[in-house]
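J.: Please put together the full structure from these sequences, using the hints given.
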Amino acid sequence: MQAIPSSKFDSPIGRLRVLETTDLHMQLLDYDYFADKPDHSIGLIGLADQIKALRDEDGVTTLLFDNGDLLQGNPLADHIAAHAKPNETHPMIAALNTLQYDAMTLGNHEFDYGLDFLRNTLTKAGFPVVSANISCDDGDRLAVPFCILDREILCNDGNQRPIKIGITGFAPPQIADWDDARSSSGIKVDDIVASASRVIPQIRAAGADVIIALCHSGIGADEHLPRMENAALPLARVDGIDALLLGHTHEAFPDPAIPSTANADYGTGLLHGKPAVMATFCGKSLGVLELDLKWDANGWYIAGQRTSLVPTRKSSEDSPLRRKLRGLVSVPHNATLNKMRAPIAQTQVPIASYFATIQPDLSQQILARAMKRAVATALKDSAQLPLLAAKSSFRFGGRSGLGHYIDIPPGPITLRDAAAIFPFTDALCAVRRTGRQLRLWLERAAAHYNQVQPGVSDQPLINPQSAGYNCDTIFGLSYQIDLTQPARFNTHGVEINAKAARIQHIRYQDQAVGDDDIFLVATNSFRAKGGGGFPTIAPADIALMTTQSVRGHLIDYLTESGTIATPVHATWSFAPIPRTAARFASAPAAQQHMIGPVTHIGPGPDGFDTYQIAL
230 MQAIPSSKFD SPIGRLRVLE TTDLHMQLLD YDYFADKPDH SIGLIGLADQ IKALRDEDGV
290 TTLLFDNGDL LQGNPLADHI AAHAKPNETH PMIAALNTLQ YDAMTLGNHE FDYGLDFLRN
350 TLTKAGFPVV SANISCDDGD RLAVPFCILD REILCNDGNQ RPIKIGITGF APPQIADWDD
410 ARSSSGIKVD DIVASASRVI PQIRAAGADV IIALCHSGIG ADEHLPRMEN AALPLARVDG
470 IDALLLGHTH EAFPDPAIPS TANADYGTGL LHGKPAVMAT FCGKSLGVLE LDLKWDANGW
530 YIAGQRTSLV PTRKSSEDSP LRRKLRGLVS VPHNATLNKM RAPIAQTQVP IASYFATIQP
590 DLSQQILARA MKRAVATALK DSAQLPLLAA KSSFRFGGRS GLGHYIDIPP GPITLRDAAA
650 IFPFTDALCA VRRTGRQLRL WLERAAAHYN QVQPGVSDQP LINPQSAGYN CDTIFGLSYQ
710 IDLTQPARFN THGVEINAKA ARIQHIRYQD QAVGDDDIFL VATNSFRAKG GGGFPTIAPA
770 DIALMTTQSV RGHLIDYLTE SGTIATPVHA TWSFAPIPRT AARFASAPAA QQHMIGPVTH
830 IGPGPDGFDT YQIAL
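Take any residue in the sequence shown, count from 1 to its spot, add 229: that is its number in the working numbering.
The hints are simulated quantities; they were obtained by calculation from the structure and are not laboratory data.
Be aware that one or more of the hints could be misleading.
Simulated crosslink set (DSS-like; lysine-lysine; CA at most 30 Å straight-line) [to be verified]: (1) 568 <-> 314; (2) 281 <-> 393; (3) 553 <-> 281; (4) 353 <-> 568; (5) 281 <-> 353; (6) 417 <-> 503; (7) 553 <-> 314; (8) 543 <-> 568; (9) 503 <-> 281; (10) 568 <-> 393; (11) 543 <-> 266; (12) 543 <-> 553; (13) 568 <-> 553; (14) 393 <-> 314; (15) 314 <-> 266; (16) 568 <-> 266; (17) 281 <-> 266; (18) 353 <-> 553; (19) 609 <-> 543; (20) 266 <-> 553; (21) 314 <-> 353.
T.: The following block contains the structure:
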């Protein structure tokens with residue numbers, strides 16, 4: 230579809246509204262399984278009444294899509310997958326059927342429980358599942374490359390006119406790499422932009438008047454690179470795509486708080502001039518994209534567009550629709566809570582992640598110990614290299630919200646706590662890295678921080694475009710991060726300053742690490758295969774790929790250890806900068822866990838408090 234020519238301004242006009250959920254991660258209910266308490270800021274259930282109201286509005290044709298990462302992401306998802314039966318409908322698919330979704334695409338985490346589970350789950354979908362770049366080695370189809378939705382648009386002259394809406398989908402090509410040891414083997418995932426260039430002409434030839442791309446991919450570099458993970462910007466340049474629904478990175482788009490770039494307008498929600506939306510994650514918001522369409526004898530034309538995000542709605546009383554959705558999952562919900570509350574160990578010290586990217590973090594350190602122990606056991610008969618572990622936090626606040634932290638008081642450690650420390654099903658692996666490669670790994674992680682000005686005491690510490698789960702710590706090393714230096718990499722992992730050197734004084738057992746020193750690093754399969762904008766590690770350098778999840782090894786470690794009694798050890802610090810400080814946000818409860826040069830400033834926006842670290 231083309232923009233409306235000037236000669237068409239007297240033509241009839243109608244409105245097409247497109248609604249998006251993305252990265253729901255099995256968050257059907259308004260309940261945080263990691264904190265074991267209700268959370269009304271999350272859950273598809275909190276969007277249900279808004280979806281119904283928008284679809285019921287007279288005079289507007291409304292479509293509803295899910296953009297992937299639907300089925301995995303919390304203990305409820307794990308329970309449902311473990312107890313799945315072929316003749317049963319997955320509760321999340323049942324919810325989408327209830328809300329009358331028009332189509333969905335696949336995300337990378339759809340494959341975490343294996344192809345058989347996914348195939349069976351998708352057979353119960355009462356709507357098309359589309360993906361143009363995923364295929365199966367056995368020739369079987371998980372999804373169709375595209376579909377055509379036949380709808381009618383009510384125009385302002387009072388007439389209904391038919392319209393054909395083409396829907397296609399895309400997912401990161403790395404799916405076949407990230408978890409191939411256990412779940413996504415047997416599939417092929419092609420480059421997003423190349424697949425779009427192939428399928429869009431087919432959709433147009435099938436008669437589509439409008440084409441919407443369901444893109445489970447985020448906003449990365451503008452230049453197209455082969456097999457890039459976050460390809461929304463180059464995808465928007467593909468001729469024939471009219472609008473894009475985005476996901477994968479859990480960001481908000483539009484977001485006026487983020488500075489716009491030449492081809493990404495965060496204020497109005499445009500990529501290369503085309504409307505796009507990304508509705509964060511876990512049902513925190515609903516993406517709304519509206520197209521004003523003009524019609525004449527030659528077809529439909531875009532006259533205008535608007536994008537917005539609608540936050541989930543807290544309700545003290547369930548509507549009939551909400552009660553129906555809640556009933557779909559009540560049995561596995563209760564079973565999950567009973568299981569996850571079981572104690573597996575004890576801790577004598579508090580374990581909290583309020584400062585997970587500010588100073589060494591005990592929750593990460595515990596997981597690093599578990600990973601190192603499992604690798605050492607698996608490779609005990611092999612020639613031993615110095616063993617390290619790379620780990621980041623998945624519960625660090627930020628865009629994930631005020632309740633998105635680990636906070637385990639002295640006492641029992643439960644299965645729920647283990648799931649909070651590592652919520653995904655990624656496999657444990659071990660990779661060989663040189664000292665130089667470790668330095669680059671840490672430089673990529675240090676993109677999480679802003680460059681600071683010496684002598685300034687009030688400046689932001691955290692890059693707002695960075696996610697804490699990409700801020701890795703390498704346990705077993707000691708090092709400093711010099712924030713007076715610019716970042717070597719941007720938050721997408723693209724090298725932007727090859728001479729920048731934030732990482733200083735890397736040492737192993739009090740000895741300086743040389744560029745050619747070789748280490749073994751315990752990590753997860755997602756990171757080893759390039760997830761998060763880190764370099765993909767060559768197969769020859771992967772010394773171990775287990776079939777057990779990282780979380781499984783953590784549970785084994787906690788169960789066998791019995792008690793955690795050791796506080797966090799110093800591994801890294803910011804390089805000293807005299808008379809300099811930086812501020813950051815964390816939860817009010819973080820005041821109970823402050824150590825070192827961190828001070829509490831006072832209340833901040835969105836319920837967070839402001840803290841300061843003296844550098």
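J.: Does each hint fit the structure? Answer for all of them.
T.: So, going through the hints one by one against the coordinates:
no.: 1; hint: 568 <-> 314; result: holds (19 Å)
no.: 2; hint: 281 <-> 393; result: holds (23 Å)
no.: 3; hint: 553 <-> 281; result: holds (13 Å)
no.: 4; hint: 353 <-> 568; result: holds (27 Å)
no.: 5; hint: 281 <-> 353; result: holds (22 Å)
no.: 6; hint: 417 <-> 503; result: holds (29 Å)
no.: 7; hint: 553 <-> 314; result: holds (21 Å)
no.: 8; hint: 543 <-> 568; result: holds (27 Å)
no.: 9; hint: 503 <-> 281; result: holds (26 Å)
no.: 10; hint: 568 <-> 393; result: violated (48 Å)
no.: 11; hint: 543 <-> 266; result: holds (15 Å)
no.: 12; hint: 543 <-> 553; result: holds (17 Å)
no.: 13; hint: 568 <-> 553; result: holds (24 Å)
no.: 14; hint: 393 <-> 314; result: violated (37 Å)
no.: 15; hint: 314 <-> 266; result: holds (28 Å)
no.: 16; hint: 568 <-> 266; result: holds (15 Å)
no.: 17; hint: 281 <-> 266; result: holds (27 Å)
no.: 18; hint: 353 <-> 553; result: holds (18 Å)
no.: 19; hint: 609 <-> 543; result: violated (53 Å)
no.: 20; hint: 266 <-> 553; result: holds (21 Å)
no.: 21; hint: 314 <-> 353; result: holds (12 Å)
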